[in-house]
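Engineer: Here's the letter readout for the chains.
Number of protein chains: 2
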Amino acid sequence: MNTFQYISIAGKLERLINNNTYPVGDKLPSLRTVHEQYQVSIGTALKAFTLLADKGLIAGREKSGYVVLRKSVAQHPLPQGVSTVSGIREITVSKTLRKATFPAPGNTAFISFFGATPDTSLLPFNAIRRSLQQASRDLTGMHLQYETAAGHPLLRQEIARRSFRWNSQLSADDIIITNGALEAIHLCLRAVTQAGDTVVVATPSYFGVLQGLEQLKLNIIELPCDSAAGIDTAQLAHICSKFSVAACILISNFNNPNGVQLQEDKKEAIARFANRQKIPVIDDDIYGDLHFDIQRPTNIKSYDTNGWVMLCSSFSKTVAPGYRIGWCAPGRFTEQVSKLKAVTNIATTSIVQLSMLELLSTGAYDRHLRKLRVTLHKLVLLTTQAIATHFPAGTRISRPQGGLVLWVELPAGINAFRLQQEALAKHIDIAPGPLFSNSGDYRNYIRISCNHAWNRRVQQALKELGRIAHELM
Amino acid sequence: MNTFQYISIAGKLERLINNNTYPVGDKLPSLRTVHEQYQVSIGTALKAFTLLADKGLIAGREKSGYVVLRKSVAQHPLPQGVSTVSGIREITVSKTLRKATFPAPGNTAFISFFGATPDTSLLPFNAIRRSLQQASRDLTGMHLQYETAAGHPLLRQEIARRSFRWNSQLSADDIIITNGALEAIHLCLRAVTQAGDTVVVATPSYFGVLQGLEQLKLNIIELPCDSAAGIDTAQLAHICSKFSVAACILISNFNNPNGVQLQEDKKEAIARFANRQKIPVIDDDIYGDLHFDIQRPTNIKSYDTNGWVMLCSSFSKTVAPGYRIGWCAPGRFTEQVSKLKAVTNIATTSIVQLSMLELLSTGAYDRHLRKLRVTLHKLVLLTTQAIATHFPAGTRISRPQGGLVLWVELPAGINAFRLQQEALAKHIDIAPGPLFSNSGDYRNYIRISCNHAWNRRVQQALKELGRIAHELM
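Chains as they are written, first to last, in the working numbering: chain Z, 29 to 501; chain B, 29 to 501.
Just to be clear, a hint being listed does not mean it is correct.
[What the hints assert, rightly or not] Taking CB as the label site, the calculated pair distances span:
1. Z/Gln222 with B/Glu363: 23 to 29 angstroms
2. B/Gln429 with Z/Phe130: 54 to 60 angstroms
3. B/Gln197 with Z/Gly115: 48 to 54 angstroms
4. B/Thr333 with Z/Gln222: 33 to 39 angstroms
5. B/Arg484 with Z/Gln364: 41 to 47 angstroms
6. B/Gly224 with Z/Asn135: 52 to 58 angstroms
[To be verified] With a cut-off of at most 27 angstroms between alpha-carbon atoms, the simulated DSS-like pairs for lysine-lysine come out as follows:
7. B/Lys245 with Z/Lys306
8. Z/Lys127 with B/Lys367
9. B/Lys406 with B/Lys83
10. Z/Lys123 with Z/Lys454
I should point out that these hints are in silico values taken from the structure, not numbers from a laboratory.
Cβ coordinates follow ideal geometry from the N, Cα and C atoms, glycine included.
Generate coordinates for the entire structure from the input sequences, incorporating the hints supplied.
Structural biologist: Below is the structure:
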């Protein structure tokens, strides 16, 4: 019996809901019907219904089986974005950032859709506490001394083992533990560039990476990343032939902010290109573990042949942002990155590595991940529906297949910074679009994180955001 | 009563020290014992001890009477070092480092005097474990999220409170928590310099800082730091008037490797100079808490008036190197450093900050420090004595008043790298002198860490090192 048959059954039921065969309010076929028709166990049938219930499409009713609550979201149009490649530009994102208001962390009077990290209620608090207690029991004198620059060997091994899931065969020696993914990207950049060099970055992209590039005094060329198709690999090759490019930073899966996932052929083409042209490609796969589909997606690194792909990721989006455990697999630059790590801050804290090792090796991480992925999928769907309902006509919304952010294009006249200001007055926060590019694009875009457990307050806040957007038209 | 009876008593005690009845590091009879046995007043007994203390033979310890520092043999001469200022130089220390063999961490077959961190047996293992257990009990959801870039407010407050001890009045807002002191120095350098700038560094100095400068593509001017007198502040002023200097890195107390402590007037002069000339001075005070004297020494920051002194330190030398908790007080550059921290690795791990806060706020840190300082003082004295006994005539040894390293100048013909090679063959490791400068100086110098609990194996190793040095003459 296929373990994942329940997903296929759920998919069939979902289509029957969407095509009005089972309209809102009607009863679905019973568990017994599914059991008999599809020759699956009652347990499997139950799992199919539970999946739909978790997505908020149906609900169990006492003695009357499952009832349809709503269709899964109508396909709204995707955000458009820019289409032309920028020239080589100095980075000035910090000027844009000065225009933005940043939320005070931990201020519970606010409901913040700003940060791209799960709310505390979605994190595995008890498992983390247990892992810390275990780590303090496992503590030996050795752990008080400097860890090696590369990090705890067993933690590196656990991460290397996970590479099997994205069709790589990394070993512990390929991995370097860092203080989060941003440090990983930073070290990789420092290994392959120097001030004044040019780096190709997809646009829109995470402002933290842009700030990092700015601090390293690098120039950038912004390569359009379409909300549906991702980057154009021919365009990438063209840029690299026309300009002297020191490195590229690309996101394999669920690009922050526009959610796009590169298709397999593009991942492969980029890896082939990097290795042939000997251009280091930093493959930021920080959202890869948060896939909504069953299968963990591959990344560009999966197709790396000669070590020109430098994979960066972390557990900040899945376990705890405050843990600061990231890692990279910098391919042929592993030794350089390791040395840079050593001269920058010697090594990453041992104790948190021990705790993370505990979470991975006991399976607690995977158990948590399974739950978190379903929850985030549901939140993304519910938030999408709320935006589609409350925001002005003409609003376009990304359709991420993983991660936890939505990229929202508002009708052209709406200024994202003004929207943020008005929202802040109502104790709601969002991330204005211009933060996600160096060229001041995306003035009428916002990023909304689906990072809160779904409740009335969240629903009200999204409704309020829609009202403000209407007013600003 | 004979007025000079105290001199006779002091003489008796001195003979007991010289004939090893009270060896270095041991406690002398108490004041009360002298008072009772010799039928003299407590005041007279005190005068006898003070006389020996004035000769530098013994030292008073809080609550534990007087401890033997050294025999009244002739003091060994101090290492000499270089006396001329280098021009502006590119940093090439990594080439020198390639010549050195680095010890495999945790290889217990070796006895390593290489690292400048206390051996695990000297660290507060139980207090650390307790603090971690308490931290995991105190853990709240908030701690799973990113800490602010500056760090945990209460930890910053605890550190700010400690500034009272070195005659500063820092507040929590002046402090930024980092992943160790090296990261603190790195961030401070990045805040005030850019690639190609020139930085003044005392020589000899810690190779980790030199490597950091090299990675940031900075040039240096090496300023001689005499084993007795420290740097010449007039020379520093002269260099800064002659060249365009972007920053200086100086060590207030117990310079690694030569142990020298800047006198008060020099600390004050440097701070005054930095503020008048508007040249940022990075004040590396990582060893300041490991003073052998009762009083915690001041630092250059103690005399800062307008925020041009950027103080850097950590708990790596006192609590646990592997904890990676350092901090800086970057004066007028606090905001820039905080931003750099945010774009480099967002924040320092929350959980370790909680544990460190626990160690500081419960007094466990201070209790440990009192013990550690006495232990390290004893180790420094015993190691000095062993070197003076076993090494070739003409060997010169530093006389640090804090920290845990000795800087040893061997007779001119002895090559430090060869000495290291021969020692490694005997499973002993030391740090060769040329690592501590950019110019390949100190070929016949070595740094020996007094980082192991004193035992027969350590004594044998020092004897063996002496034998090898004799052979290499």
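Engineer: If a hint holds in the structure, say so; if it does not, say that too.
Structural biologist: Status of the hints after comparison with the structure:
no.	hint	verdict
1	Z/Gln222 with B/Glu363: 23 to 29 angstroms	holds, 26 angstroms
2	B/Gln429 with Z/Phe130: 54 to 60 angstroms	violated, 46 angstroms
3	B/Gln197 with Z/Gly115: 48 to 54 angstroms	holds, 51 angstroms
4	B/Thr333 with Z/Gln222: 33 to 39 angstroms	holds, 37 angstroms
5	B/Arg484 with Z/Gln364: 41 to 47 angstroms	holds, 43 angstroms
6	B/Gly224 with Z/Asn135: 52 to 58 angstroms	violated, 42 angstroms
7	B/Lys245 with Z/Lys306	holds, 24 angstroms
8	Z/Lys127 with B/Lys367	holds, 16 angstroms
9	B/Lys406 with B/Lys83	holds, 17 angstroms
10	Z/Lys123 with Z/Lys454	holds, 25 angstroms
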